[in-house]
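Participant: Sequence:
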Amino acid sequence: MLITITTPNLSSADKQLLIATLEQAPYACVVFVGDGVYAPALNTAFFEQLANTVKDTVKGAVKDKSTPNLSFVNTDAATRGANLPEFINPISYKELAAISAKNKHWIPLL
Numbered sequence: 088m089l090i091t092i093t094t095p096n097l098s099s100a101d102k103q104l105l106i107a108t109l110e111q112a113p114y115a116c117v118v119f120v121g122d123g124v125y126a127p128a129l130n131t132a133f134f135e136q137l138a139n140t141v142k143d144t145v146k147g148a149v150k151d152k153s154t155p156n157l158s159f160v161n162t163d164a165a166t167r168g169a170n171l172p173e174f175i176n177p178i179s180y181k182e183l184a185a186i187s188a189k190n191k192h193w194i195p196l197l
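According to the numbering used here, the residues represented by the sequence shown are 88 to 197, in order.
Think of the hints as simulated: they come from the structure by calculation, not from any bench.
Hints may contain errors.
Calculated lysine to aspartate or glutamate pairs in the DMTMM-like style (CA-CA distance at most 25 Å, straight line) [said to hold, decoys possible]:
| no. | residue 1 | residue 2 |
| --- | --- | --- |
| 1 | Lys142 | Glu173 |
| 2 | Lys181 | Asp122 |
| 3 | Lys191 | Asp101 |
| 4 | Lys191 | Glu110 |
| 5 | Lys102 | Asp122 |
| 6 | Lys102 | Glu135 |
| 7 | Lys191 | Asp122 |
| 8 | Lys102 | Glu173 |
| 9 | Lys189 | Asp101 |
| 10 | Lys142 | Asp101 |
| 11 | Lys142 | Glu110 |
| 12 | Lys189 | Glu110 |
| 13 | Lys142 | Glu182 |
| 14 | Lys189 | Asp122 |
Restraint ranges, calculated between C-beta atoms of paired labels, are given here [stated by the list, open to error]:
| no. | residue 1 | residue 2 | range |
| --- | --- | --- | --- |
| 15 | Lys181 | Ala132 | 15 to 21 Å |
| 16 | Asn170 | Thr94 | 17 to 23 Å |
| 17 | Ala107 | Lys191 | 14 to 20 Å |
| 18 | Asn190 | Gly121 | 17 to 23 Å |
| 19 | Ser179 | Met88 | 28 to 34 Å |
| 20 | Asn161 | Thr94 | 14 to 20 Å |
| 21 | Tyr180 | Ala132 | 25 to 31 Å |
| 22 | Phe133 | Leu197 | 16 to 22 Å |
| 23 | Ile194 | Leu129 | 18 to 24 Å |
| 24 | Glu135 | Thr93 | 18 to 24 Å |
Think of the CB as a built atom: it goes at the ideal place given N, C-alpha and C, for glycine as much as any other residue.
Based on the sequences and whatever the hints tell you, model everything.
Facilitator: Right under this line is the structure:
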């Protein structure tokens, strides 16, 4: 499952969806694109807790490097001057396309 975040502001419902999804499907991917690259800066504590929850859920499992759980499109962050936490992985649009091809189910948070 792929969740794309294109807005910097997340509602309580959006956060609950992310928590529930990643608890049930720990290998789901969350990618920040466009203005969504600001979301981790505005919600740092939430995303840090979310990343730790995912780590605990997949404890002992080897993650597929090509499908990281929390990622951002590096060119979007660079053009917007967004500084993202180190626990969120930078990817290119080519890598986003590869992740997209692997995931049948998409949830866009606009």
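Participant: Which numbered conditions among the earlier hints are violated in the structure presented, ordered from lowest to highest?
Facilitator: 15 and 19
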